[in-house]
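A.B. asks: Position chain B relative to chain A; hints supplied.
2 protein chains.
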Amino acid sequence: MSASDRAINMDRVMKRIERLAEIGKISDTGVNRQAMTPLDRQAVELAGEWMKEAGMSVRLDEAGNLIGRLNSAAAPDAPVLMLGSHLDTQPYAGRFDGIIGVLGAIEAVQAFTDRGFRPLQPIEVVAFTDEEGCRFNKGLFGSRAMTGRLEQGELDRTDADGITRREALAGFGGDPNRLQEAEYAKGAIDCYLELHIEQGPVLESLGASCGLVTGISGPLWLTVDLYGFAGHAGSVPMAMRRDALAGAAQVITGFQAMVRAEAGTPVVGTVGTLQLFPGSRNIIPERVQFTVDLRDLDMERRDRLEEGLRKLVDDAAADNKLSYFIREDTNSPPRFCDESLMNAIRGEALSMGLKLPELMSGPFHDALALSYVCPYAMIFVRSKDGISHNPMEFSLEDDIGDGVELLYRTMKSLALANKGERSGG
Amino acid sequence: MSASDRAINMDRVMKRIERLAEIGKISDTGVNRQAMTPLDRQAVELAGEWMKEAGMSVRLDEAGNLIGRLNSAAAPDAPVLMLGSHLDTQPYAGRFDGIIGVLGAIEAVQAFTDRGFRPLQPIEVVAFTDEEGCRFNKGLFGSRAMTGRLEQGELDRTDADGITRREALAGFGGDPNRLQEAEYAKGAIDCYLELHIEQGPVLESLGASCGLVTGISGPLWLTVDLYGFAGHAGSVPMAMRRDALAGAAQVITGFQAMVRAEAGTPVVGTVGTLQLFPGSRNIIPERVQFTVDLRDLDMERRDRLEEGLRKLVDDAAADNKLSYFIREDTNSPPRFCDESLMNAIRGEALSMGLKLPELMSGPFHDALALSYVCPYAMIFVRSKDGISHNPMEFSLEDDIGDGVELLYRTMKSLALANKGERSGG
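Line by line, the protein sequences give chains A and B. Per the numbering used here, the very first residue in the first sequence carries number 1; after that it's consecutive. Per the numbering used here, the very first residue in the second sequence carries number 1; after that it's consecutive.
Looking at chain A on its own, in the form it has when it is part of the complex:
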């Protein structure tokens, strides 16, 4: 839709995106603003000011989450309509990942209050702490704290400099000793909406500015070790070899073919790392280790593909006289978006004249943690060339504008709706 038809103010949003990008700026377009650093704290303070401008009261919770709240005079204690994302970045990142979700939510609230609307339930905008997880090697910290999903030892994790998350959190303004107070009571969050860049090429290929997320796929992470026997590349006859890389190549080729054969489904399979030993051009590889990343919305299909992969490893080991070990590192089920929230978004997109393709999210987001305590939905904004976690990450102002407007309209319709009606929908 044209910018003049929008309720939201994209000039303001773009100025804020640019202002935030100065905090931790690297190269021309890059940002390195890792979680719970002084730079992250600067970003949070700035966002807190903008929340106040939008009419919200602001607090930093025990887990370091920045929470802006728009009270509801009509139902001050009603479950909260929550919007959010994150402000922390990867070490070699762009200006949009997470950021547009927080700034877009603040803008949605500001457009709402500027027009004199008053919500029928409280609205909260959250900038969750440490979504990325790159500093302490485990992400979604703030959103898991809020939803009671932290695990033992989380505060003892250290960054590359040996600083514990406990120390970093205390320095950031949180309170590691009262972390459990960040958890919301059961039923306190009515629903959760998140706006985010796609970080993939689907919307671009479909020519759509925005998309509707149907769910966050469940990642299965495996590590495969193959054990053969080293020998001189010139003197061990082919029939006597136990070449671990020949076996690994056979598995990877078979795995790729198997996943690609599911064309038209959202399943994706990746071997992203491979190490071999001893790694000399004239020695037959004795050991190979590689990782497998398999994601799908359909657990039955994902289980079947995992079964197929395990058979590929077994066959390749037999063919190449190898032994092997498969370790499971992560195994999460997919989390689906709420149908009635998706319907609300579909309806608003229709009224805006927006094409709104539906797609799953391969990457996970704070919404994944929220999905365990309330219904959730997500809107994706087109990413140029599908690039993310890179300074080249880029989204058009007009695409972000469509996304923020869609978030605003959805929030407005939810915040003004009779709750009895929606829950019956």
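What the hints contain is simulated information worked out from the structure, not anything from laboratory work. Do not rely on the hints blindly, as some may be mistaken.
To be verified - DSS-like cross-link-like pairs, simulated, lysine-lysine; straight-line CA separation at most 30 Å:
#	chain 1	residue 1	chain 2	residue 2
1	B	K15	B	K384
2	B	K52	B	K419
3	B	K384	B	K355
4	A	K321	B	K384
5	A	K52	A	K311
6	A	K52	A	K186
7	A	K384	A	K138
8	A	K321	B	K311
9	A	K384	A	K355
10	B	K25	A	K321
11	B	K321	A	K311
12	A	K52	A	K15
13	B	K355	B	K15
14	A	K384	B	K321
15	A	K25	A	K384
C.D. replies: Same frame as chain A, now just chain B:
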């Protein structure tokens, strides 16, 4: 033959093998003493001391070759009778590869001088620099420098830490700026003898302690780079991927099948190294580099297989939307041993009562470089289970003793022969 019938002293040889194995020792029986490292330098210094004990004068040439020389009073300027091998090892190696050739040659000279023999031509024992080629990905450095076969850019090659061969050579004691002075004048080397472990299973299967090499098969070394595009493993659909590792796996699988299909021939094909970038479990690999080692006695078949490999790369690039680059690092035709030197060795073996089967060498050796400037011959010593480039590499003391004695007797007969006679043979 029994140890007491030998002129050479195997106690001394075995003690020296064990002493050298302490330099760069890994695990119980392994060695990691890569070329031009401080450990390699330690080994060279020790070998230099032993050369002096054997009556030789010692120098390190500009290419880092350690050269021990026994002068000939009778013919001080006559072409040299050269014996040698190397002291550097693969990163995950044993105690014998190269080592027995250097220590065996030193022992041969010592047995010769101890008995009061004086040669009719100078004898030189050489420990050639960087035979293995694993550190800078190209081997036979010292022997190619001596024979004028270095190529452009050799000194600019870097190891895994970014150290150039130029820097490594200077640190080792060579002189990269005067490298051409290491080259011997045409005709200065009369002939070359090398003792080496077989590194394969043939002698063991024939029940022979030693064998006579008839030639070295021609190695083709290629480096293949595949270029795709990185992306989030969760968000780029399979059909839109440009996964460089998927392409590499396809090439390796096809290449292995192609070479294995030539069962019953001596051709061998190996992919021994593979690196990928960026190497994160949830990022699609953007770049993969791997090496190919293909060896055969039959150049026509080897050319056909190379053609097949290039087609595999082309097809995999098309299937995975990759670009690629194939670099040829080494391309040697097979080099056959000198018939009159082989006859000399056959005669000595007969006098020792040794069974001496004849076989080709799949691995190449410094002899390959020497073959371009003088006649050469090689003696192989049986390898247990055909294992080499592995800490489990092993040869019996008695087998090495047969090999060193055979080397000594051949050297003696050549060094004491009327040159006019031999060249007419």
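A.B. asks: Against the structure shown, which of the earlier numbered hints fail to hold, in ascending order?
C.D. replies: Number 5 only.
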